[in-house]
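Asks: Residue numbers (our numbering), protein chains in the order written: chain A, 92 to 173; chain B, 156 to 302.
Honestly, the hints are just simulated from the structure, not real lab data. Here the structure is a predicted model, which means the values were calculated and not measured. Note that beta-carbon positions come from the ideal geometry of N, C-alpha and C, so glycine has one too. Any given hint might turn out to be false.
What the hints assert, rightly or not - A short, non-exhaustive set of chain B residues, derived as facing chain A with CB atoms under 7 Å:
hint: 1; residue: 191
hint: 2; residue: 201
hint: 3; residue: 207
hint: 4; residue: 208
hint: 5; residue: 291
hint: 6; residue: 293
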Amino acid sequence: MIDILYFAWVRERIGEAKDQLETEAKTVSELVQELSSKDARYAAAFADPSALRVAVDQKLVDFDASIIEAKEVAFFPPMTGG
Amino acid sequence: MLIRVQKEAFDFSAEVENFTQIQRGMGAIVTFSGIVRDTPDGDLKYMEIEHYPGMTQAALTDFAQTALDRWSLGDALVIHRYGSLKPNDMIMMVATAARHRVAAFEAAEYLMDYLKSRAPFWKKEVKQDGAIWVEAKDHDETALNRW
Numbered sequence: 092m093i094d095i096l097y098f099a100w101v102r103e104r105i106g107e108a109k110d111q112l113e114t115e116a117k118t119v120s121e122l123v124q125e126l127s128s129k130d131a132r133y134a135a136a137f138a139d140p141s142a143l144r145v146a147v148d149q150k151l152v153d154f155d156a157s158i159i160e161a162k163e164v165a166f167f168p169p170m171t172g173g
Numbered sequence: 156m157l158i159r160v161q162k163e164a165f166d167f168s169a170e171v172e173n174f175t176q177i178q179r180g181m182g183a184i185v186t187f188s189g190i191v192r193d194t195p196d197g198d199l200k201y202m203e204i205e206h207y208p209g210m211t212q213a214a215l216t217d218f219a220q221t222a223l224d225r226w227s228l229g230d231a232l233v234i235h236r237y238g239s240l241k242p243n244d245m246i247m248m249v250a251t252a253a254r255h256r257v258a259a260f261e262a263a264e265y266l267m268d269y270l271k272s273r274a275p276f277w278k279k280e281v282k283q284d285g286a287i288w289v290e291a292k293d294h295d296e297t298a299l300n301r302w
């Protein structure tokens, strides 16, 4: 079971802050494809992956990163701290 | 090193004073504070700052440790707020202590550049006529290249 977190407009577009699911996906990209096929809200949120950032177990990674054995994957827009 | 992520307001002057008093052998302290900027039309009701609780503290600690090592700092302080803030409210502050000023200035700029683009915070401007997420700026991303 993997926790999937959403922040900022990704959370608003999907309408959930968190999902939990069993997945066969091996990489972030495969997970994105799986989520996008769930329903239109997910497809809309993931329509342009270049507008998104992803963290696996709270470390920023690329979309080709492995999620095998990951506990938590988070999707969000580019950060705007400071 | 002191890293705090909090909802409450903080007292900038008191933080700088405390930070100053605990240093030994340092000759330079650089501080930066960021405040909520109103819109050009002056219609910002408040700014909502969201963060990723599990990741934020670790990311800030990582940036500060890198700065400590790279510039041989005596110390570093980062405080960043989340929640609803009004125009002119202080969002965050950074302080660096070094033996000489160049290291303190550079380390503070490094920390600010990383806070902008790599710390998991997101800002939403709530105005009279609606709300918009603040978009990341290209020049903030390219600013990281100098490090």
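Asks: All the hints need checking, so say for each whether the structure fits it.
Replies: We went through each hint and held it up to the structure:
The beta carbon of residue 191 (chain B) is not positioned within 7 Å of any beta carbon in chain A (closest approach about 12 Å), and the interface hint is therefore violated. The interface hint given for residue 201 (chain B) is broken, as the beta carbon of that residue sits about 16 Å from the closest beta carbon of chain A, more than 7 Å. Given hint, residue 207 (chain B) at the interface with chain A, holds; its Cβ is 6 Å from that chain's nearest Cβ, closer than 7 Å. For residue 208 (chain B), the suggested interface contact is broken, since its CB lies about 10 Å from the closest CB of chain A, more than 7 Å.
For residue 291 (chain B), the shortest C-beta to C-beta distance to chain A is roughly 4 Å, which falls under 7 Å, so the interface hint holds. Of the supplied interface hints, the one on residue 293 (chain B) is violated, with its beta-carbon coming no nearer than about 10 Å to a beta-carbon of chain A, more than 7 Å.
The earlier numbered hints that this structure contradicts are 1, 2, 4, 6.
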